[in-house]
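There are 2 protein chains.
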Amino acid sequence: MSGKRVVIAGMGFGGLRAAKVLAESDVELIMVDRNNYHLFQPLLYQVATAGLEQEAIAYPLRGLTRRWSGASFLLAEIGGVDLNEKYVMTDAGKVPYDYLVVAAGSRTNFFGMESVAAHAFDLKRLDQAEDLRNHILLMFEQAPREPDPKRRSALLTFVIVGGGPTGVEFAGALRELIVYVLSQDHPGISAAETRIVMVEAADSLLTAMPVELRQYAYRKLNSMGVEVMLESRVVGATAESVELHGGTIIDSHTLFWSAGVAAAELAGYLHGVELGASGRVVVQPDLTIMGHPDVFVVGDMACCFEQGAPLPMMAPVASQQGEYAGRTILAREQGRSLPPFHYRDKGSMATIGKSAAVAVTAGFKFRGYIAWLAWLLLHLYYLIGFRNRLVVMMNWTYAYWFQERQVRLITAKKRRAVTV
Amino acid sequence: MSGKRVVIAGMGFGGLRAAKVLAESDVELIMVDRNNYHLFQPLLYQVATAGLEQEAIAYPLRGLTRRWSGASFLLAEIGGVDLNEKYVMTDAGKVPYDYLVVAAGSRTNFFGMESVAAHAFDLKRLDQAEDLRNHILLMFEQAPREPDPKRRSALLTFVIVGGGPTGVEFAGALRELIVYVLSQDHPGISAAETRIVMVEAADSLLTAMPVELRQYAYRKLNSMGVEVMLESRVVGATAESVELHGGTIIDSHTLFWSAGVAAAELAGYLHGVELGASGRVVVQPDLTIMGHPDVFVVGDMACCFEQGAPLPMMAPVASQQGEYAGRTILAREQGRSLPPFHYRDKGSMATIGKSAAVAVTAGFKFRGYIAWLAWLLLHLYYLIGFRNRLVVMMNWTYAYWFQERQVRLITAKKRRAVTV
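Residue numbers (the working numbering), protein chains in the order written: chain A, 56 to 475; chain B, 56 to 475.
With the rest of the complex left out, here is chain A (with noise of 0.2 angstroms):
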């Protein structure tokens, strides 16, 4: 051992990546997070639309740490970083760093907006694709006994704030699910009555795609029958309505919002260190802070400019930041030192249906099967897991071939407590 302890703080994809490059190395390696595994977070809509268990889309941090000698996990919620000390602080004690690799993700920002952030779903957390997938299925269970033709078709009204991947990877599947599931589950109900109504602030969905996909991506939902609203915002909203901005009233139970986010909390508690848009953490070239270059920030965390703007908070970013973060940190402990961070863009894709999607990637653009095809094999590819792959593999093989998704699960955890 170099004797060097480096702690990662967040084991999403910069963490992970980071902890990947240094596991082969001889430096001390400690690895923090709140929970026990790494959590694929682009699958996770998949969990809240039935169409994945949520085991499947975690992997135990353990089961990294198991093959790694050096390299130790610590569950423990992180309260803050002394930068001077050189410790983080955790619910379970202090721990001391020489180097640190700040990679703790990012939080849902409803832009102060309290009464969404009260009504809304997002999907930032596996218990949260959970609670969203029982919400949606009781929707279904409660519609039917519903006498108020108003109120039932409220319960039957899904509104998605942001046409970004995530809402509109999310409209597909929820209006996949039902059609060809929920719809036949209950006879009572037609698919034609539901709606799943997207706003989008702008005037196009995908718009860090180019043009032409954002098109068909647009023509694709509409024609599977969700109503996109580009050019507007939600401003409020209650257990059963979403305000739009005009005044414009959508009765609805289900408010999914996927229209922001913002940097983790821990951000906010580095003291003196300077935030930028979103309250992310203001990077150098060589993703440190500035007079603290034992510290790297990585991924949504980052504040990472390139060519003037700030680089997307997406999954690759993150992976590469994160091995950028761990060969830093290796080539420094060898004398060496890397040039600057250069994020190489490989390109973006998104699903909308079952053989449908878009995807871009070194210029050239593909929709519709093959992007679909694409789509579905990087990311098993990216899953982390052989189980995990295959259990994704077979539910997928599943729905494709059987129209039906089995995890359609209600299992809401407020039940009558045991009586003695």
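For the record, the hints were derived by calculation from the structure and aren't laboratory data. Among the hints, a few may not be true.
[To be verified] From the structure, some residues in chain B lie toward chain A, with a derived Cβ separation under 10 angstroms:
1) Arg-121
2) Leu-129
3) Leu-237
4) Gln-239
5) Pro-242
6) Pro-394
7) Gly-440
8) Leu-445
9) Asn-450
Just so you know, even glycine gets a beta-carbon here, dropped at the ideal spot from N, CA and C.
Since the structure of chain A is provided, determine the placement of chain B on it from the hints.
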């Protein structure tokens, strides 16, 4: 349709089998359950010991109604039955019936010991299995950072009450989880410092089994490292200790209770009906309630005497009774009658660990590998749903070859609320 409506209250093994018989007929069938899935309870302990994802042992009931014309499902909590007006009271309204099959199963019986009820884990519901898994895994996260050796030891001590099949299977699976998985995951914890203590009031384990098999189970558990205390009783508990009759205190943060079951609460809501031991409903030879030939009670809720003793509360009894109730209803509609119910005892089995189980059938006794293999195959066979069988088989194969259990996830729900 005959126009007759059959309501099935509870979709465990008894209700499910009755539904399958009636689904092939021309009655109107309404299945009521508080969950939207059938739960394969015999494998709950494998969810609790991180061997299976919870979704794999649940089957959505609407997957059945979808295929069965004339059958519908109602997600509701049943509050009682009006036997004279012939309707079931639920939180979704009154459900009138012509025939009623009451199959609400059982709940854990703590025999009035409130301190035990407050602190013990039991396994009846899916969320309880998840809670227990989370708790066990958390003990191993907390122990290494516990400075007090006495407390550390208590964190790593697991007390199991009841040496019946559930207790024995759970003890074996927990021991294997610790030896093969958790002590590898946590280099600071040796399997030798962990304790599993099984407390059984009788003078042997598996009292329903032949004596050789009881002895085999005892020897096997002992050799695996489980401390079996026979002729011992738990009389109280705190969050950190278990008290035995005689005053012995075992310091332990984990108490698992499988030492008693009683009929579900619903049995007590049937006014004027005679209850037997454990609150079970005393039934006639045709499984109906005295004076109410249109109301059948099957499974754990039914107190059905054969050869002077009530039949045991186990899945095969429930299934056969459910089938009998269904067939009797069909026969009556055709103006026929059936001979009284008779339980055909096909045997029983319990698995203790890898390649180790006991089984008895038709007077033949099996133990070891052959019994274990039979256990695996029969459980796969009785599991509902092709997809679930695949997932379970995959998990078992994976665990067998790789000695790992990937569902070792701590999915606790109490997380910080999202900030605006």
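Hint check, failures only: Those not satisfied come down to hint 6.
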